[in-house]
Amino acid sequence: MDPKTLRYAKTHEWAALNGDIVTVGVSQFAVDLLTDITHVELPKVGRSVTAGAACGEIESVKAVSDLYAPVEGTVAAVNSDAAANPGLVTAEPYGQGWLFKITVKPGTKLDHLLDLKQYEDHVTHEAH
Amino acid sequence: VSYTLLTPDDRQTMLRTIGAKSIEELLTQIPADIRLGRDLNLPAAMSEQELTAHVAALAGKNHSADNSVCFLGGGAYDHFIPSVVDAVASRGEYYTAYTPYQAEASQGTLQVGFEFQTLICELTGLDVANASLYDGGSAVAEAVLMARAVTDRPGKVLIAESVHPEYRLTLSTYLKNLNTELVTLPTPGGYLDPDLVKKQIDDSTSCLVVQHPNFFGALEEVELIGKAVHDKGALFVVSYDPISLGILKPPGDYGADIAVAEGQCLGNYMIYGGPYLGLLACRSEFVRKIPGRLVGQTTDRRGNRCWVLTLQAREQHIRREKATSNICTNQALLALRAAVYLTALGPQGLVETAELCARKAHYAAERLAQVPGVKPAFDRPFFKEFVIRVNGDVTKLLNGLTADGYLAGLSLARDYPKLADGIVVAVTEKRTKAEIDGLATALQKRLAL
Numbered sequence: 003m004d005p006k007t008l009r010y011a012k013t014h015e016w017a018a019l020n021g022d023i024v025t026v027g028v029s030q031f032a033v034d035l036l037t038d039i040t041h042v043e044l045p046k047v048g049r050s051v052t053a054g055a056a057c058g059e060i061e062s063v064k065a066v067s068d069l070y071a072p073v074e075g076t077v078a079a080v081n082s083d084a085a086a087n088p089g090l091v092t093a094e095p096y097g098q099g100w101l102f103k104i105t106v107k108p109g110t111k112l113d114h115l116l117d118l119k120q121y122e123d124h125v126t127h128e129a130h
Numbered sequence: 002v003s004y005t006l007l008t009p010d011d012r013q014t015m016l017r018t019i020g021a022k023s024i025e026e027l028l029t030q031i032p033a034d035i036r037l038g039r040d041l042n043l044p045a046a047m048s049e050q051e052l053t054a055h056v057a058a059l060a061g062k063n064h065s066a067d068n069s070v071c072f073l074g075g076g077a078y079d080h081f082i083p084s085v086v087d088a089v090a091s092r093g094e095y096y097t098a099y100t101p102y103q104a105e106a107s108q109g110t111l112q113v114g115f116e117f118q119t120l121i122c123e124l125t126g127l128d129v130a131n132a133s134l135y136d137g138g139s140a141v142a143e144a145v146l147m148a149r150a151v152t153d154r155p156g157k158v159l160i161a162e163s164v165h166p167e168y169r170l171t172l173s174t175y176l177k178n179l180n181t182e183l184v185t186l187p188t189p190g191g192y193l194d195p196d197l198v199k200k201q202i203d204d205s206t207s208c209l210v211v212q213h214p215n216f217f218g219a220l221e222e223v224e225l226i227g228k229a230v231h232d233k234g235a236l237f238v239v240s241y242d243p244i245s246l247g248i249l250k251p252p253g254d255y256g257a258d259i260a261v262a263e264g265q266c267l268g269n270y271m272i273y274g275g276p277y278l279g280l281l282a283c284r285s286e287f288v289r290k291i292p293g294r295l296v297g298q299t300t301d302r303r304g305n306r307c308w309v310l311t312l313q314a315r316e317q318h319i320r321r322e323k324a325t326s327n328i329c330t331n332q333a334l335l336a337l338r339a340a341v342y343l344t345a346l347g348p349q350g351l352v353e354t355a356e357l358c359a360r361k362a363h364y365a366a367e368r369l370a371q372v373p374g375v376k377p378a379f380d381r382p383f384f385k386e387f388v389i390r391v392n393g394d395v396t397k398l399l400n401g402l403t404a405d406g407y408l409a410g411l412s413l414a415r416d417y418p419k420l421a422d423g424i425v426v427a428v429t430e431k432r433t434k435a436e437i438d439g440l441a442t443a444l445q446k447r448l449a450l
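Residue numbers (this note's numbering), protein chains in the order written: chain A, 3 to 130; chain B, 2 to 450.
Because the hints were derived from the structure by calculation, they are not lab data.
Just so we're clear, the structure is a prediction, and the values are computed from it rather than from any experiment.
Among the hints, erroneous ones may be present.
[As the list claims (entries may be wrong)] Just a few of them, taken from the derived set where beta-carbon distance is under 10 Å, the chain A residues facing chain B:
| hint | residue |
| --- | --- |
| 1 | D4 |
| 2 | K6 |
| 3 | D38 |
| 4 | H41 |
| 5 | E43 |
| 6 | P45 |
| 7 | K46 |
| 8 | A55 |
| 9 | V66 |
| 10 | D68 |
We put the beta carbon where it would ideally sit given N, CA and C, even for glycine.
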């Protein structure tokens, strides 16, 4: 995935829309903050999720953080490779370290999320 | 508790240190109208010698397993405790109730925790055990909370009526405000019918809890029940008797996902009101939902073997609102005793202890059934406990037998009104043939009155 084409939540998840499927991962900024990720707990396939509500966990040597769904829908798939080997998330947050996919209603847009520029402004602001 | 003196000199020194003239002066902030204004109506204080004699006289009125022949069970048992258990557990280095909060500073305590966990895993045939919980009842409740979290099915929990009534009460308290339906499956034949499980379990059920051997001492159809539970994607929670695993299959071998127990029988005394010892073990995939403390083995920076508390993100002192349990500690001293007990017995010793319990219990069941007015309540295979039904007033009968020197068993009247004439009789390896025959004779005399 190209970070420039992705949309971001203020809680540091990225989202990519393709048809009626939204793929979700965590941003490089989040990975840098968390350092070594030791465990990810992903939602169950088939479970419905609400935008902005916690649906999983990500644990690193530094902290345990909630994972939030960026859009509403039903969990279509989870990345069991990332669950089995959380190092993938640290190494390739935009690639093989994606976390889960959500089936969304037709016509769903990601406009409520930030683009890369807005997200970078947000994290610069948050860092200070 | 030691008797330590507080002399008038000590009192004066303390008052001087804090700058007060009298104890009265310390109480002036309490409004006069709510103060008693006179001494409590208590007898004069005793000397140490008088007090010792007084308390010993009071304690002498108790009927205990030391001065009576004990056939009482129902969760706490009169098993033999080898003296090595007291010898190790009373060492000053170990003599603490809990794992300390600066846990890694006490490597010996953590090593005991790790060895205890390893023993419980070997005993149950499961992958991972925690460093203990408070007692058998809270262990059942914690296992159910775990199953709710693992399955993400808050809807319904099934439990057999043949599970210890107090464990069921504890569970019902835990679930009271959680919007989870607790369904108790009746066990009129003294065991849980697997067909009833098949009828009652559904896709909203997080788990089913059985006790094996159950509260009546009888074995459950654990393999059939486990299969019915797994067919619906629920977890199988088993409360077991640790001693029984000397001769029964370990829970991990018949499909238990979480196995819990009361660990008093492992080298701990019967103590009114506790402390008791909760055991909990489970399959490794649930390790992040396991309640309480978990000791892990690792190496320090010099490459030496050492122990740490691990996976603490599950604990409430890190993320209180996300914690899977409120338990942040363990029963370190009682777990130590259990570890020493199991190590002292070894696998063969545990087999022999379990065989003795089973054989003596079966002899007792046959012997008591020959007494006129006594009949067995159920025709089921059992381990070290069984239920008899008697003619007449059970409370009066049990009180009479206590006076004869026999704690003859536990009345079922309070918890199972339909078995109000029932008594659970427990027979451990400590009971002798003469004691069992003695109980039968005393019972016969009392019933003939």
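Hint check results:
1. For A/D4, the interface hint is violated, the least distance from its beta-carbon to any beta-carbon of chain B being 33 Å, above 10 Å.
2. With 10 Å as the threshold, the beta carbon of A/K6 stays out of range of chain B, its nearest partner Cβ sitting at about 34 Å, so the hint is violated.
3. Because the closest C-beta pair between A/D38 and chain B is about 14 Å apart, greater than 10 Å, the hint is violated.
4. Interface hint at A/H41: satisfied, since its Cβ lies 7 Å from the closest Cβ of chain B, which is below the 10 Å cut-off.
5. Against a cut-off of 10 Å between C-beta atoms, the interface hint on A/E43 holds, since the closest Cβ of chain B lies about 7 Å away.
6. Using the Cβ-Cβ criterion of 10 Å, the hint placing A/P45 at the interface with chain B is satisfied: the shortest such distance is roughly 9 Å.
7. With 10 Å as the threshold, the beta carbon of A/K46 comes within range of chain B, its nearest partner Cβ sitting at about 6 Å, so the hint holds.
8. Below 10 Å, beta-carbon pairs count as interface contacts, and A/A55 has none with chain B, the closest being about 14 Å; its hint is therefore violated.
9. Interface restraint check: A/V66 against chain B, minimum CB-CB distance 4 Å, threshold 10 Å, status holds.
10. The closest approach between the C-beta of A/D68 and any C-beta of chain B is roughly 8 Å, which is under the 10 Å cut-off, so the hint is satisfied.
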